[in-house]
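Visitor: All chains should be built: construct the whole structure from the sequences, respecting the hints.
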Amino acid sequence: MRKFNIRKVLDGLTAGSSSTSQQQQQQQPTGNREPEIQETLQSEHFQLCKTVRHGFPYQPSALAFDPVQKILAVGTQTGALRLVTFCHLPFQSKWLYVGTERGNIHIVNVESFTLSGYVIMWNKAIELSSKSHPGPVVHISDNPMDEGKLLIGFESGTVVLWDLKSKKADYRYTYDEAIHSVAWHHEGKQFICSHSDGTLTIWNVRSPTKPVQTITPHGKQLKDGKKPEPCKPILKVEFKTTRSGFC
Numbered sequence: 001m002r003k004f005n006i007r008k009v010l011d012g013l014t015a016g017s018s019s020t021s022q023q024q025q026q027q028q029p030t031g032n033r034e035p036e037i038q039e040t041l042q043s044e045h046f047q048l049c050k051t052v053r054h055g056f057p058y059q060p061s062a063l064a065f066d067p068v069q070k071i072l073a074v075g076t077q078t079g080a081l082r083l084v085t086f087c088h089l090p091f092q093s094k095w096l097y098v099g100t101e102r103g104n105i106h107i108v109n110v111e112s113f114t115l116s117g118y119v120i121m122w123n124k125a126i127e128l129s130s131k132s133h134p135g136p137v138v139h140i141s142d143n144p145m146d147e148g149k150l151l152i153g154f155e156s157g158t159v160v161l162w163d164l165k166s167k168k169a170d171y172r173y174t175y176d177e178a179i180h181s182v183a184w185h186h187e188g189k190q191f192i193c194s195h196s197d198g199t200l201t202i203w204n205v206r207s208p209t210k211p212v213q214t215i216t217p218h219g220k221q222l223k224d225g226k227k228p229e230p231c232k233p234i235l236k237v238e239f240k241t242t243r244s245g246f247c
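Numbering (UniProt numbering), first residue to last: 1 to 247.
These aren't lab readings, by the way, just hints derived from the structure by calculation. Nothing here was measured: the structure is a model prediction, and the numbers come from that model.
The calculated DSSO-like cross-link candidates involving lysine-lysine, where the alpha carbons are at most 30 Å apart (straight line), are:
#1 K220 <-> K210
#2 K131 <-> K236
#3 K149 <-> K94
#4 K189 <-> K236
#5 K168 <-> K189
#6 K189 <-> K165
#7 K240 <-> K189
#8 K149 <-> K167
#9 K236 <-> K149
#10 K131 <-> K189
Guide: In structure tokens:
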């Protein structure tokens, strides 16, 4: 029997396959070659553009406040105009309280257009009263009998009475319907909230557990004592006194 070397056979097969592939590559037209992929990113692969802006406008040059609609307009040196949808300017005060959609409150000096270092953060305001974000700030007002007490209303239904001096919350009030408007009683001992289901809740300042009274002015009162059917939201509320009480 004739002997043969297996290594020579394998080397021959490898050489034959490599030469065949080289011939096929030479026969392929240049137009069918796959483009080379550049794995390293270059600066020309990126383009920067402004998509959204957070915080107070840069280089403010003019400011106007509408006390009726509670809207603040801020003009900048670049010609931009920024609207703040909720803010509170106490009577004869230079400090403007600005509520944000993130639930924080910033304090602005209206004379120098500068931000104060005092910021009320939403998580510090509500602490453990709610496990979720309370939503945007929808109301800010100071107690008519104590300007050091600030009432903060969040969209989710949470209201916080904040002490400006101690930098902490005195009381927290929670209701299961979204808030649209809040108003103080002139004595500063009670306040009223209007909600998205058409109800009004009246709270004693020192009784945060539950409202002292819940009213549905436009809803049908059920005989079995159940909660009336939801109505359209009450967008604005005022706490007025009359000879027979308050309304």
